[in-house]
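Enquirer: Listed below are the residues making up each chain.
Number of protein chains: 2
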Amino acid sequence: MGLDSFSKSKRSDEISNAVINRLPKYYRCLRELLNNDILRVSSKELAGLMRTTASQIRQDFNCFGGFGQQGYGYSVKTLYTKIGMILGITDNYSAVIIGAGGIGMILADNPVFTKRGVILRGVFDKLKKYIGKEINSELTVRSIKDLEQFLLTTKIDIAVFVDYELTKSCVDILLRNKIKGIWNFTGHELRDVDDTIPIENMYIEDTLMTLCYQIKQKEE
Amino acid sequence: MGLDSFSKSKRSDEISNAVINRLPKYYRCLRELLNNDILRVSSKELAGLMRTTASQIRQDFNCFGGFGQQGYGYSVKTLYTKIGMILGITDNYSAVIIGAGGIGMILADNPVFTKRGVILRGVFDKLKKYIGKEINSELTVRSIKDLEQFLLTTKIDIAVFVDYELTKSCVDILLRNKIKGIWNFTGHELRDVDDTIPIENMYIEDTLMTLCYQIKQKEE
Chain Y
1 MGLDSFSKSK
11 RSDEISNAVI
21 NRLPKYYRCL
31 RELLNNDILR
41 VSSKELAGLM
51 RTTASQIRQD
61 FNCFGGFGQQ
71 GYGYSVKTLY
81 TKIGMILGIT
91 DNYSAVIIGA
101 GGIGMILADN
111 PVFTKRGVIL
121 RGVFDKLKKY
131 IGKEINSELT
141 VRSIKDLEQF
151 LLTTKIDIAV
161 FVDYELTKSC
171 VDILLRNKIK
181 GIWNFTGHEL
191 RDVDDTIPIE
201 NMYIEDTLMT
211 LCYQIKQKEE
Chain P
1 MGLDSFSKSK
11 RSDEISNAVI
21 NRLPKYYRCL
31 RELLNNDILR
41 VSSKELAGLM
51 RTTASQIRQD
61 FNCFGGFGQQ
71 GYGYSVKTLY
81 TKIGMILGIT
91 DNYSAVIIGA
101 GGIGMILADN
111 PVFTKRGVIL
121 RGVFDKLKKY
131 IGKEINSELT
141 VRSIKDLEQF
151 LLTTKIDIAV
161 FVDYELTKSC
171 VDILLRNKIK
181 GIWNFTGHEL
191 RDVDDTIPIE
201 NMYIEDTLMT
211 LCYQIKQKEE
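So the sequence lines, in the order shown, correspond to chains Y and P.
Position one of the first sequence corresponds to residue 1 (our numbering), numbered consecutively onward.
Position one of the second sequence corresponds to residue 1 (our numbering), numbered consecutively onward.
A couple of the hints might just be wrong.
Said to hold, decoys possible - Listed below are the simulated DSS-like cross-link pairs for lysine-lysine, each with C-alpha atoms no more than 30 angstroms apart in a straight line:
1. Lys44/P x Lys115/Y
2. Lys82/P x Lys178/P
3. Lys133/P x Lys145/P
4. Lys218/Y x Lys82/P
5. Lys218/Y x Lys218/P
6. Lys25/Y x Lys25/P
7. Lys44/P x Lys77/P
8. Lys128/Y x Lys218/P
9. Lys115/P x Lys129/Y
10. Lys178/Y x Lys115/Y
11. Lys129/Y x Lys128/P
12. Lys218/P x Lys115/Y
13. Lys25/Y x Lys155/P
14. Lys218/P x Lys155/Y
15. Lys168/Y x Lys115/P
As the list claims (entries may be wrong) - Short derived list, chain Y residues pointing at chain P, Cβ under 10 angstroms:
16. Asn17
17. Ile86
18. Gly88
19. Gly181
20. His188
No lab work stands behind these hints, which were simulated from the structure alone.
All of these numbers come straight from a predicted model, not from anything done at the bench.
Glycine residues also receive a C-beta, built at the ideal position from the N, C-alpha and C atoms.
All chains should be built: construct the whole structure from the sequences, respecting the hints.
Expert: Take a look at the structure:
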């Protein structure tokens with residue numbers, strides 16, 4: 001199967017969430033290989049890094065039309081680029097953060113956005129102690145009161161919700177302005193958002209609970 | 001099926017990860033109900049909150065021996081307590097955070113630990129600007145050099161890794177001192193940890209990538 005068979009891939013709605021959720025992990029592993037100047041990788045080697053099986057990897061890649069040639073392994077750079085394209089990393093979506101406290105400022109000042117091709121356009125809060133605070137040379141925290149005006153002139157794709165009270169007060173404004181996706185760090189379910197908008201919920205406490213559960217199982 | 005049938009539940013190693021991963025979400029939904037003084041809930045009502053089906057909920061709870069009585073719905077408080085017990089929330093595990101920068105300080109000063117019954121015992125870093133910094137009335141950031149000494153007198157169950165370089169320098173010390181689980185925020189795979197120790201990896205950038213993927217799918 002050649003590298004150009006990408007177009008022959010399954011329709012995306014046939015691809016399971018489990019495969020989709022593994023793609024970012026592939027992407028990270030491949031970046032690690034590139035950083036170490038490793039240019040070709042077999043499914044067996046990749047399986048070792050991913051802590052999975054070579055057959056799983058071949059199966060996953062086949063969902064997207066396969067990326068490799070039997071016996072030659074995969075080109076790390078091609079794989080990295082193609083998976084990045086599938087993940088929409090080259091699409092330069094724009095984002096705002098709602099809530100400068102807690103993880104808000106940490107996210108704003110973190111390479112996570114630029115590394116993933118997302119352009120952070122603004123950070124909003126209602127508290128005086130945050131408004132005007134400089135995040136980097138290009139961004140300062142703005143007043144939430146200016147959000148609606150801001151959205152008239154700036155197209156925003158992704159709302160990153162950090163502060164729950166603030167989110168409740170401005171989620172309608174963002175929806176009216178046709179945001180395309182929500183990254184939710186508030187720790188609360190967002191019930192008033194219709195099902196057509198993709199939401200990724202980051203419930204960090206859930207993973208702590210899952211960890212405690214696993215520890216408990218080991219002890220029993 | 002009565003409330004006491006808990007002991008008749010399946011053995012935990014038969015329960016799928018998908019069910020386990022839903023338990024924290026049940027736990028959050030039930031807390032929300034308790035906060036609103038709602039004491040009984042049907043599987044249908046719970047399904048609405050969880051954005052799933054009543055049959056899914058009955059199936060999940062059956063894995064643990066079921067918690068309800070046909071036609072009467074579930075006691076919210078009993079469910080909340082039992083799911084908390086299953087998740088190990090009543091076990092009071094102790095934790096240290098390795099890395100006070102970035103999300104380290106945010107986590108340390110966050111109710112996530114106490115809310116989940118985990119006792120934060122220490123925060124460690126190597127940088128002077130963090131060492132000695134007060135987190136709350138009971139905790140200040142300690143020097144990473146003191147970690148080994150600290151572990152001689154304090155039993156630690158969970159290591160929360162925030163700073164990757166720091167993690168590499170002290171993971172062996174923690175493993176020697178028999179930590180039971182790892183909560184990994186470094187954004188790097190921890191390859192030198194054997195498979196017997198449960199690890200929960202928080203790759204926040206993965207969820208951003210998954211979100212971008214979903215947005216892209218909607219656009220096509």
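Enquirer: Now tell me if each hint is right for this structure.
Expert: The hints, checked one at a time:
1. Lys44/P x Lys115/Y: 42 angstroms, violated
2. Lys82/P x Lys178/P: 28 angstroms, holds
3. Lys133/P x Lys145/P: 16 angstroms, holds
4. Lys218/Y x Lys82/P: Distance ~19 angstroms between Lys218/Y and Lys82/P Cα, so the pair holds.
5. Lys218/Y x Lys218/P: 42 angstroms, violated
6. Lys25/Y x Lys25/P: 24 angstroms, holds
7. Lys44/P x Lys77/P: 17 angstroms, holds
8. Lys128/Y x Lys218/P: Distance ~38 angstroms between Lys128/Y and Lys218/P Cα, so the pair is violated.
9. Lys115/P x Lys129/Y: Holds: Lys115/P and Lys129/Y sit about 27 angstroms apart, inside 30 angstroms.
10. Lys178/Y x Lys115/Y: 24 angstroms, holds
11. Lys129/Y x Lys128/P: Holds: Lys129/Y and Lys128/P sit about 26 angstroms apart, inside 30 angstroms.
12. Lys218/P x Lys115/Y: 22 angstroms, holds
13. Lys25/Y x Lys155/P: 33 angstroms, violated
14. Lys218/P x Lys155/Y: Cα-Cα ~17 angstroms, so holds.
15. Lys168/Y x Lys115/P: Holds, because 23 angstroms separates the two Cα atoms, which is no more than 30 angstroms.
16. Asn17: Because about 9 angstroms separates Asn17/Y from the closest Cβ in chain P, which is inside the 10 angstroms limit, the hint holds.
17. Ile86: 7 angstroms, holds
18. Gly88: 4 angstroms, holds
19. Gly181: 4 angstroms, holds
20. His188: Holds. Min distance 8 angstroms.
Consistency note: the structure conflicts with the earlier hints numbered 1, 5, 8, 13.
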